[in-house]
Amino acid sequence: MINKILGSRENKKTIQLSILALPAILVFFVFSYIPMTGIFIAFKDINYVDGIFHSPWIGFDNFKFFFTSNDAWLVVRNTLGYNIVFIVVGTALAVLFAILLNEVISTRFLKVYQTIFFFPYFFSWIIVAYMAYSLIGPLGAISSLINKMGFTSFDFYTTTWIWPILLTLIHIWKGIGYVSIIFYAGIMGISQEYFEAAAIDGATKLQMIRKITIPLLIPLITIMTLLSIGKIFYSDFGLFFFVPREMGQLFPVTQVIDTYVYRMLKVSGDLGMSSAVGLFQSTLGFIVVLLSNYAVRKVNEENKLF
Amino acid sequence: MSKKTLPQMIIHFVFILFSLACIIPLVSIISISLSNETDIIKNGYSLFPRVFDINAYAYVLYEPIQIINAFKVSIIVSILGTFISLIVMACIAYTLSRHDYRFKNPLSFYVFFTMMFNGGLVPTYILLSNYLHLKNTIWVLILPYVAVPWFILLLRTFMQKIPYDIIESCMMDGASEFRIFFQIILPLAKPGLATVALFTILQYWNDWFLSLLYIEKESLVPLQYMLYRMMSNIAFLTSSSNQLPPGLNNAVIPSESARMAMAILAAGPMLAVFPFFQQYFVRGLTVGAVKG
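Protein chains in written order, with the numbering used here: chain A, 5 to 310; chain B, 27 to 318.
Simulated from the structure, these hints should not be mistaken for lab results.
Here a beta-carbon is modelled for each residue, glycine too, at the ideal position from N, C-alpha and C.
Honestly, I wouldn't trust all of these hints.
Stated by the list, open to error - The list that follows gives simulated cross-link-like pairs (lysine-lysine, DSS-like), each with its CA atoms no further than 25 Å apart: (1) 130(B) / 17(A); (2) 68(B) / 161(B); (3) 243(B) / 270(A); (4) 187(B) / 161(B); (5) 235(A) / 209(A); (6) 17(A) / 216(B); (7) 130(B) / 216(B); (8) 152(A) / 161(B); (9) 187(B) / 17(A); (10) 178(A) / 115(A).
As the list claims (entries may be wrong) - Which chain B residues stay away from chain A? Per the calculated CB distances, all over 10 Å, these: (11) 84; (12) 98; (13) 146; (14) 197.
Said to hold, decoys possible - Each pair of labels, with its calculated beta carbon distance range: (15) 73(A) / 162(B): 29 to 35 Å; (16) 295(B) / 235(A): 25 to 31 Å; (17) 76(B) / 52(A): 50 to 56 Å.
Using the sequences provided together with the hints, build the complete structure.
Written out as structure tokens, the structure reads:
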């Protein structure tokens with residue numbers, strides 16, 4: 005009898021908790037899971053007369069078409085290349101900033117810096133594109149400076165070689181306030197006793213950073229890096245789409261998988277091929293996430309994604 | 027910490043330089059928006075207005091129907107979206123925070139799997155526009171962002187910190203899960219909710235992706251998308267009437283400065299508000315990334 009009552013109470017609890025979760029379950033079902041079933045589009049030659057269900061199957065032709073084009077190598081190279089540079093340079097600078105922030109004695113300055121560094125994070129990519137244009141556009145202050153230096157015909161928006169540098173700088177500029185705070189919190193979590201003991205032994209500040217701060221930050225750095233590696237096939241669409249102002253001349257250095265899929269869908273209207281590229285991206289992305297999560301688990305069980 | 031410190035001068039030098047890099051782009055667009063158009067075209071942009079002029083704002087705000095409308099869309103989407111998504115996410119986060127919930131593991135998997143694999147842009151696009159007919163509705167700007175796994179994870183972490191004893195004693199008193207959630211958990215999780223609300227409102231306010239994909243109707247164009255369209259074509263702003271405000275009749279159309287004035291109007295609200303909430307952001311960031 006008692007068991008039965010407890011059982012029904014247990015059931016009631018499960019039902020009520022499930023009801024609370026239901027709206028989100030539905031949202032995920034509609035906006036995430038149903039689209040997953042749509043990956044079959046990648047294997048079809050979609051035409052508007054037959055609709056997506058009755059268009060003919062063509063196997064891997066969409067993929068073949070993509071991989072035999074010059075675009076495939078280009079967009080994959082750009083996506084991976086930028087991400088690798090962003091991870092390496094971005095992480096190194098964010099850690100450096102966190103360490104330096106930790107060394108600032110005046111708390112007032114510390115607060116001011118943190119607030120200012122967070123500024124770029126609040127701008128949308130479109131605003132950032134406007135800002136960039138106001139500085140490096142044909143009328144911009146930086147452009148006119150360069151003109152005065154004698155390079156009269158220099159135009160940022162048609163010069164391809166400069167964009168990998170620019171995009172890296174802008175990416176770091178926008179995100180460093182955010183990422184360095186995560187590392188700063190990591191440093192704050194290090195027990196003061198280590199530093200006190202080191203100070204008694206006469207260690208210099210640089211020695212402490214090298215022998216205490218950085219080694220103890222390594223697990224956090226590893227996890228942050230692995231999380232970024234998990235997203236290595238995805239790019240920040242806004243950075244690559246808006247900031248170069250869609251200049252066709254710059255596509256060789258600004259086109260990434262995400263912008264390519266978008267343009268294929270909205271500009272060329274090629275459903276089959278754009279979904280093939282999308283499927284290629286999400287499949288590789290999935291494999292990379294699994295691998296990096298496996299690695300995260302090895303480093304620190306607590307931070308694993310699943 | 028030890029008395030020996032790195033030379034403060036060097037640190038401040040580095041940080042002041044970077045602070046300038048954060049502020050100058052903003053100063054630059056503000057300055058252009060307040061500059062005289064003829065002077066800009068002749069001498070280029072500058073970091074401080076050479077010839078001070080508020081014609082750009084007069085021009086942009088002369089017939090502001092489109093701008094007011096874009097503000098309206100952005101505000102409705104941000105407020106309604108944040109409200110809906112906060113409730114939906116808090117509910118499931120509570121369920122996931124309960125270690126005694128029977129389906130905790132499968133439900134976690136169901137939520138976090140969407141972070142790892144997705145059907146891609148095209149199937150989503152076809153579903154939303156051809157089958158759900160959400161294209162050119164306000165809902166298409168809201169619904170796709172209602173449940174974000176990362177925010178659910180944050181909320182769950184916050185709720186897990188609430189002592190289980192509290193929940194248990196409520197259950198002993200016979201309170202239903204709904205009552206526990208709304209009367210006990212939500213008030214206790216306020217700091218967490220505030221953090222996620224800020225992330226969410228920023229996400230909605232700064233979004234251009236959904237409108238880029240799904241909005242063609244003029245009356246549903248939000249601010250960010252409007253700015254995007256103005257990037258190449260200022261005429262979009264005055265498509266109805268290519269008139270200048272009276273008194274500006276002989277002047278040049280201030281297209282360069284008007285564009286920047288629009289950017290200021292769009293960035294302004296967030297910029298004005300967010301530095302004050304910065305500590306919530308910091309808390310949200312650190313609770314997710316660092317434990318202990």
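Cross-check of the supplied hints:
no.	hint	result
1	130(B) / 17(A)	holds, 13 Å
2	68(B) / 161(B)	violated, 44 Å
3	243(B) / 270(A)	holds, 16 Å
4	187(B) / 161(B)	violated, 41 Å
5	235(A) / 209(A)	violated, 36 Å
6	17(A) / 216(B)	holds, 24 Å
7	130(B) / 216(B)	holds, 23 Å
8	152(A) / 161(B)	violated, 49 Å
9	187(B) / 17(A)	holds, 20 Å
10	178(A) / 115(A)	holds, 18 Å
11	84	holds, 20 Å
12	98	holds, 18 Å
13	146	violated, 3 Å
14	197	violated, 8 Å
15	73(A) / 162(B): 29 to 35 Å	holds, 33 Å
16	295(B) / 235(A): 25 to 31 Å	holds, 30 Å
17	76(B) / 52(A): 50 to 56 Å	holds, 55 Å
The structure is inconsistent with the numbered hints 2, 4, 5, 8, 13, 14, although it conforms to all the rest.
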